[in-house]
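These protein sequence lines map, in sequence, to chains F and C.
Taking the working numbering, I'd label the letters of the first sequence as residues 613 to 893.
Taking the working numbering, I'd label the letters of the second sequence as residues 367 to 640.
FYI, nobody ran anything at the bench for these hints, they're computed from the structure.
Computed from a predicted structure; not experimentally measured.
Any given hint could turn out to be false.
[Unchecked claim] The calculated lysine to aspartate or glutamate pairs, modelled on DMTMM-like cross-linking and capped at a C-alpha distance of 25 Å, are:
| id | chain 1 | residue 1 | chain 2 | residue 2 |
| --- | --- | --- | --- | --- |
| 1 | C | LYS452 | C | GLU606 |
| 2 | F | LYS741 | F | ASP786 |
| 3 | F | LYS718 | F | ASP786 |
| 4 | C | LYS406 | F | GLU776 |
| 5 | C | LYS406 | F | GLU674 |
| 6 | C | LYS406 | F | ASP796 |
| 7 | F | LYS741 | F | ASP836 |
| 8 | C | LYS406 | C | GLU525 |
| 9 | F | LYS714 | F | ASP796 |
| 10 | F | LYS714 | F | ASP847 |
| 11 | C | LYS406 | F | ASP836 |
| 12 | F | LYS714 | F | ASP791 |
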Amino acid sequence: MTSMTRGLLAAALIGGLLLTATGCPRQEERQAEPTPGQPALAGDITVAGSTAVHPIAQVLAERFSELHPQVRINVQAGGSSAGIRAAREGGADIGMSSRPLKAEEKGLYEVTIAWDGIVPIVHPANPVKDITLVQFREIFVGRLTNWSQLGGPDRAILVVTREEGSGTRGAFEDMVMDDEPITDRAIVQNHNGGIRTTVAGDPNAIGYLSMGALTPEVAVLNVDGVAPSVQAIRDGQFAINRPFLFLTARAPEGVTAAFIEFVLSAEGQAIIAEEGYIPIN
Amino acid sequence: MLLVSSLLAAGSIVLIAVFVLASGLPLIQRVGAWSFLTGKVWSPATGEYGALTMIVGSVVVALAALSLGGGLGLGCAIYLAEFAPKRLAGTVRQAVQLLAGIPSVVYGFYGLSVLVPVIRGLGGGPGHSALAGGIVLSVMILPTVVSVAEDAISAVPDEYRAGALALGATRWQTMSRVLLPAARSGIVAAMVLGSGRAIGETMAVIMVTGNVVRLPGSIFDPVRTLTANIALEMAYAAGEHRQALFAIAIVLFGFVMLLNLLARLAGGRRGVGR
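Using the sequences and the accompanying hints, generate a full structural model.
Below is the structure:
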């Protein structure tokens, strides 16, 4: 046998294996067809809006399509404002928003699917336990630079932030920074673990994390006198919170209603918790 | 068959080069090569693209790595090539080569948890610094430096050693006056390849250098390297920003080609060992 034919043989074998491998799940899917007597859920819907909600909507949509193979959900990111507009004008079946609706945007059918909160973290040995939202912003703008200005020791504050474009940084900028830029002296870490390790290792550091990414190695600061907790974020007492909303033009029906129901179900909410956000109950 | 695999291997560099050039050149043309290379402001949000802080960052970190790891690696290579008993040399050589197998994220994590706090204690400042990057990289470049330098020294013909010893030179004189000069080009190549490795490393550097886009005032200041910038921003970059990251890649490409050229020049010159 020449090396050429041997190569061809190997290729044919591998090809055959791949074919059987991809063939298998298809059969399983066929078995998973709906039980008789219950009409199968079918149809296409479009979900569009907030780039912060987009990743979890994507995961939820994939899971929902696994359960209902004849449903296709098209998830698009374009920002909260675009999502609200799309829901109102019919550009999407469901609009996604990561901020509460403004007065002039009301009149839509709103469902809160999750909560998001950002908490300030410091080294456990830091004597400062409480800051205001304004101080939190001033620190990250670079105008408050010493812990003594916050009732702590006379030491320079080390600001630690996520990289530009990160979802957590986006949420932080939306809820805390009020359109001011983060100081260019801030140390940049590109994942939650890096933020935690840096803050846990430096008594002068301050950073921020999503509520879902907290661990005991860092200490959490109260903001405006309120200790961050899942409950305080849900009922809005903790200042740095935002709802993730699904919006429809009128009361949802059909596939749209079924998808929203799934998102609010125990399974849907478990997916949301897994992604690091706060379930609604 | 063999021809095909070699063509594929060589072709991939051409493909990557063409892709990177095609993606990055439009931005360099728009911004201007000079202002791209010497601009101090990198602000994708406002469309300002100056790479100087990151070029300086990469060079400072690589130089720190080379000054720490280069000497160490050369000393190790000399010992392995000329002085070490055979059994011990084998063990040390394997240990050093094992360093090459440790994933860079492990180096980075070690640096972040151990080195950064130590440097903060020594130099004040945040601890995330060019120095921390340099120290981590100095260990990472050891396998390259040691193996290339050792090869160069071992490749010096035995007649040189025999001749020097016959003239009454001590082993140390033989090493410093005969073998090292004869192997000079290979040793230079080892240093250059080591710095190429340092310039290209990404993950470990991101974790310990702080990634601040500012010109560092000292080695204790945080810096952002070219590779770190690409890795930090690529996930979100679109449009012009994406082109700018490819433009950074072109600068990196230039650096690495320059270093390889230097290594080739050093190796091509009269002398023993490549």
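Hints and how they fare:
{"no.": "1", "hint": "LYS452(C) to GLU606(C)", "in the structure": "violated, 57 Å"}
{"no.": "2", "hint": "LYS741(F) to ASP786(F)", "in the structure": "holds, 24 Å"}
{"no.": "3", "hint": "LYS718(F) to ASP786(F)", "in the structure": "holds, 20 Å"}
{"no.": "4", "hint": "LYS406(C) to GLU776(F)", "in the structure": "holds, 18 Å"}
{"no.": "5", "hint": "LYS406(C) to GLU674(F)", "in the structure": "violated, 44 Å"}
{"no.": "6", "hint": "LYS406(C) to ASP796(F)", "in the structure": "holds, 12 Å"}
{"no.": "7", "hint": "LYS741(F) to ASP836(F)", "in the structure": "holds, 11 Å"}
{"no.": "8", "hint": "LYS406(C) to GLU525(C)", "in the structure": "violated, 55 Å"}
{"no.": "9", "hint": "LYS714(F) to ASP796(F)", "in the structure": "violated, 32 Å"}
{"no.": "10", "hint": "LYS714(F) to ASP847(F)", "in the structure": "holds, 18 Å"}
{"no.": "11", "hint": "LYS406(C) to ASP836(F)", "in the structure": "violated, 38 Å"}
{"no.": "12", "hint": "LYS714(F) to ASP791(F)", "in the structure": "holds, 18 Å"}
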